[in-house]
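S.K.: Residue numbers (our numbering), protein chains in the order written: chain L, 1 to 362; chain Z, 1 to 362; chain X, 1 to 325; chain V, 1 to 325.
Hints are supplied without guarantee of correctness; some may be wrong.
[Said to hold, decoys possible] Only pairs whose alpha carbons sit at most 30 Å apart, straight line, appear in this in silico DSSO-like list of lysine-lysine:
no., chain 1, residue 1, chain 2, residue 2
1, L, Lys280, L, Lys268
2, Z, Lys268, X, Lys46
3, Z, Lys280, Z, Lys296
4, V, Lys253, X, Lys280
5, L, Lys268, V, Lys46
6, V, Lys280, X, Lys280
7, V, Lys124, L, Lys268
8, X, Lys124, Z, Lys268
No lab work stands behind these hints, which were simulated from the structure alone.
Spelled out from the first residue to the last, the chains are:
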Amino acid sequence: MPGLVLADRAPAETTSAPIPEPAPAELVRAYRTMVFARAMDERCLTLQRQGRIGFYVPLQGQEAAQVGSASALRPEDWIFPAYRELAVALVRGIPIQLLIDQFFGSGGDELKGRQMPNHYGYRRFNFVTASSPVGTQISQAVGTALAARYRREPILTIAYFGDGTTSSNDFHAGLNLAGVFQTPTIFFCQNNQWAISLPRERQTHSTTLAVKAEAYGLPGVVVDGTDFRAVYAAVAAARQRALGGGGPTLIEAQVYRLGPHSTSDDPKRYRTDEELNAWKARDPLARFKLELMDAKLLNEDQDHALWEAARQEIARAVAQTEATPPVPPLSFFDDVYAVVPPALQEERRSLEQLLAAGTVRP
Amino acid sequence: MPGLVLADRAPAETTSAPIPEPAPAELVRAYRTMVFARAMDERCLTLQRQGRIGFYVPLQGQEAAQVGSASALRPEDWIFPAYRELAVALVRGIPIQLLIDQFFGSGGDELKGRQMPNHYGYRRFNFVTASSPVGTQISQAVGTALAARYRREPILTIAYFGDGTTSSNDFHAGLNLAGVFQTPTIFFCQNNQWAISLPRERQTHSTTLAVKAEAYGLPGVVVDGTDFRAVYAAVAAARQRALGGGGPTLIEAQVYRLGPHSTSDDPKRYRTDEELNAWKARDPLARFKLELMDAKLLNEDQDHALWEAARQEIARAVAQTEATPPVPPLSFFDDVYAVVPPALQEERRSLEQLLAAGTVRP
Amino acid sequence: MTELTLVQAVNRALRHALQNDPNVILLGEDIGVNGGVFRATEGLQKDFGAERVIDTPLSETGIVGAAIGMALYGLRPIPEIQFQDFIFPAFDQIVSELAKFRYRSGGQYPCPLVLRAPYGGGIKGGLYHSQSNEAYFAHTPGLKVVIPSSPADAKGLLLSSIADEDPVLFFEPKRIYRSVTGEVPDGDHRVPLGTAATVREGTDVSVFCYGAMVPLCTAAAERLANDGTSVEVVDLRTLVPLDEPALLASVEKTGRAVIVHEAPRFCGYGAELAAILAEKALYSLQAPVCRVTGYDTPFPYALENLYLPGVERIAEAIRSTARAG
Amino acid sequence: MTELTLVQAVNRALRHALQNDPNVILLGEDIGVNGGVFRATEGLQKDFGAERVIDTPLSETGIVGAAIGMALYGLRPIPEIQFQDFIFPAFDQIVSELAKFRYRSGGQYPCPLVLRAPYGGGIKGGLYHSQSNEAYFAHTPGLKVVIPSSPADAKGLLLSSIADEDPVLFFEPKRIYRSVTGEVPDGDHRVPLGTAATVREGTDVSVFCYGAMVPLCTAAAERLANDGTSVEVVDLRTLVPLDEPALLASVEKTGRAVIVHEAPRFCGYGAELAAILAEKALYSLQAPVCRVTGYDTPFPYALENLYLPGVERIAEAIRSTARAG
Ligand SMILES: Cc1ncc(C[n+]2csc(CCOP(=O)(O)OP(=O)(O)O)c2C)c(N)n1
Ligand SMILES: Cc1ncc(C[n+]2csc(CCOP(=O)(O)OP(=O)(O)O)c2C)c(N)n1
Ligand SMILES: [Mg+2]
Ligand SMILES: [Mg+2]
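Isolated chain L (complex conformation):
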């Protein structure tokens, strides 16, 4: 498997069945998703600068890791994302209209304007709603895997998180539980080298992040996260093992966050242009494009058309979102509980009166 190495001294487990290479059509589809994600990212950064959306978390540099991992899953597998997994959402088939609606917190947002941009999730896509506190999804993913196994449903769960999040309480709790109960779970760490301003080597003194698997008796693998095929192979192998009863895997995909941590961040304060440029030379999109062109699966015109189609579809979605009425003012009282309790009804009524009297305005 290209670019895939077993972590330093991690208990090596090799799967019996060989992992099939993705078919050419799959490769092109994957590339198209990566283009789409990159185009979304560029557009959303602009929307944020223009003040049309409030905040944005870019994913540039992590497209191959995300598309490669998500492509190796099946739709019934449950995804527990962090906040940077736009390309995973696209692979899952979540309509970009939904995502743009969420970024705007508009009336079309199925989350009803409750969360900051990038913190979305859709039950019908088995894509669990993200939160901001890092790591909490990791132990939850283990619980869901336990539940699925209890029901004898042959699915797995995958938790996405970053290098910094390996320091969280839930990383420790989640991986330990998964080891003890041998749950069908993949822990997919996108090591993008930075946790805001903290570099990977000051996050932890371990040789790799994958080696942490050994603390829980799990296999840990390091994979070149700029290489779609390598990531795909690693995740497909881990999936096969998990569903065969072989238990969980920790995968460290080595990537780089090419952009800022978020639109609130200025990476020039803490990292050098040299480092950035070295990684820009390994841009996963550029690499994949060359590979596809070498394999005669893509030419420049087709590439250009992919970008154009993506930009147009995104523009249409933004236009539609901006034509959508805002979330109804009293809707924020819903979904605290299954049924609005009396005291909260009273609070809602009091706000309704203030709105009706024009004392406060939406």
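Let chain L serve as the given structure and place chains Z, X and V with the ligands on it in line with the hints.
M.R.: Quick look at chains Z, X and V with the ligands alone, frame taken from chain L:
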């Protein structure tokens, strides 16, 4: 070093200077402390059964691990105990009168009757006051080590904890911080095979507990915790490395809890007599006694005298504690803050009035 | 009907739920082979298997995180925290995740589970085996908080909690796990959440309480009956959602309110009750509201009997409230 | 005197402390090289070195645990939590350890440190970058809780907190980090803990508030002055220990109380204020106590301006409290 093995695949670091064997007098002193601890344990279990103290946590089976580790420290090193470290306290020279006072929560208790038995600590002995929530002392010990290094004071800190506590948040946070900052800290895990009713192999799927060190880039060692010399050597080596700037070490001392988890526990519910008996055959006291007798450092009469002396001293301390007046009734309002704030003074006054009126009784 | 202790009633409710709903799963430390350190889960692993009554590693973070993951998938997990004092490693999962999952997903991901934990003092447990932490959770929108005071309510409220569509924190007064016995209906006994119980009617002073304080308040009320003071004792049972009509109705009748809990006074649950009275029953109040609570210190070991509200302190507070104004 | 924003005043206080006390150490996520995500620690690592201004791994548990260990040893650590919303992984260390160390050791181990965290809404931060969690800590004996509302107070209260012998949670209203500027005394400016400030005198209604609500309450008071209602605005500044005499004196004067905070109402800090009034100022109260607070829901994103108390809602509450009774 007898009984000492490097953890499975942990990064091996060997110290340059050889660790000196303890002198014969030190060995005898160590044995005497182990006898003392065992005698205290037996007495306190009886006191609890008689209802004279409310609760007790025995240490039987862990004496060699505790005395061995504590003997390799210097008095200026800071100890962060869990709740089972009676023999460590004895090595540190904490007078048994203080301990017995604490167990009774009597007026002589320097902790002023604030805590359950076994949850003690004495600043002048660099023995930090224990709490019940497991693991919290681990990250604290790292902070103290950082503080000492900041002040250029050549001491180390040692955190004691059990096998179950490797699953705690603070184990993860503490070892990771220690790795990143290379603090002079020893993480001393007494793997007594059980966390109340959960056996070690269902606590975590890792091969050993020491191997968890690798997740933080630390050396991890496994040591036979029933062997005084092996434990002493492991801790002395770790201390030497830490003070030489070589960073922290995780030590797993393999022992067995021969008694119940606490006086509230009935181990018959979850473990077999066979297992218990197998470990009884490895009783650290019996082993050490034989070694000392072989080396002509001890004979039966001397052993008997040690036991007698211990029992008498304990009996005297218990008698003195029972003759001590109880903690003053209003003292529980002190030490919440440096100075009792007005609202709390008011609460104290109101209780004082109720006491004065005889409405409530101490 | 069967005569049971409170902890037996909890056990019966769990057994009933395991028997009748395959989605019910128990998980926690020492709950399986050992039957729980208070024996609340005694016999359940034996009868329902280790897949449904799960002994977990020592991680409250993991217990609650995993339980949330199970609930998202459609199970009805019932995690146990061994002592409420040890709930804090799970605080992030409870407050950031459990309480907010339904909300943040726009209603897509309900997260119904019942987190059980024994709470409270009076067992010589010192700082870390005695606390009453209900106020933290009562202040967290998205959670329900339930505290029973009798065997029948323990079973009935627990079964209602398990059936509820929202996350419920179910705190059990360990001090009266065994000291209180009572008749408990067999089968699917339910006590609805959100309804207080007037355990003793009276006309002069209202006493609001819950959990282990209820028997003490009742004892104090009986004592005062001898002096000719008629005391109404209201057991709130559900702290969230609060039965506000019951609170207000009682004070409208008596004009006087005493609030009793074990937790420290400052920003405790009693503050909310007093605040509601100051907002909505001011004109009914004939005397200052009075709180009888744990003092604003950590929970002491040797002097816990002075720290905790006892019958005498409660009776004295009722007496002076009856006289005031 | 220098004209500063609130966040600059925080920075000056930290700089002053680092300069004058070698025991002061700062630690937290992104506080060093990056100068803090709100720039509160800008320039400090450059000037005082990486041993005194420490960038830590992503673990609030570890940050607070290590800070406690430093304080035990005699340093004065000032840990930062990046957003108050992310304090929960450290909740166990704060509530079980920090708050109880002095007590449980019988006074042997004081644990003075200042835990700083930006709090509150109004920055479009949604559920997890907007919360006001002060009530959890105010309910925890052993902790002090301080919230400044102006640049001068930010510096003066922070320097007093650093000098204090007890652990202090210092919550900074991030919404007004830059929107409020004011004259700040140079040098060792101190504002004593435990004293409220009457930021506006009045005779008809008392308004109690803190942090980012203070400027809004003052604006509401000004608006009502035009209608002939004289409003007193009291900035509590220190939530624990509360300046109870200031609370009671103001209500004795005005007979009417409005309490304002961003946090949800139920069991919020305002409940304690209302409870104290119901206990100790009942006979002064000419109108029901009124709380203006965040609603009892998680913090919403798109509709935060409706969720948060604004000048209009506060003014309306004052107006109807002035008329009531
Ligand atoms: C518990 C918690 N603490 C702090 C933060 C603030 N924060 C948001 S993202 C982040 C860094 C995360 O780094 P990493 O896990 O590497 O993910 P990345 O952002 O690089 O994808 C921090 C500190 C948070 N969200 N949650
Ligand atoms: C956070 C927390 N959860 C639960 C408990 C209850 N408890 C006390 S000791 C213990 C087991 C500890 O096992 P281990 O770390 O192996 O130490 P040992 O008691 O065997 O010495 C448990 C679960 C606790 N004290 N703290
Ligand atoms: Mg990262
Ligand atoms: Mg153990």
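S.K.: A separate judgement is required for each hint: does it hold in the structure or not?
M.R.: Consistency of the hints with the structure:
no.	hint	verdict
1	L/Lys280 with L/Lys268	holds (15 Å)
2	Z/Lys268 with X/Lys46	holds (16 Å)
3	Z/Lys280 with Z/Lys296	holds (24 Å)
4	V/Lys253 with X/Lys280	holds (22 Å)
5	L/Lys268 with V/Lys46	holds (16 Å)
6	V/Lys280 with X/Lys280	holds (17 Å)
7	V/Lys124 with L/Lys268	holds (25 Å)
8	X/Lys124 with Z/Lys268	holds (25 Å)
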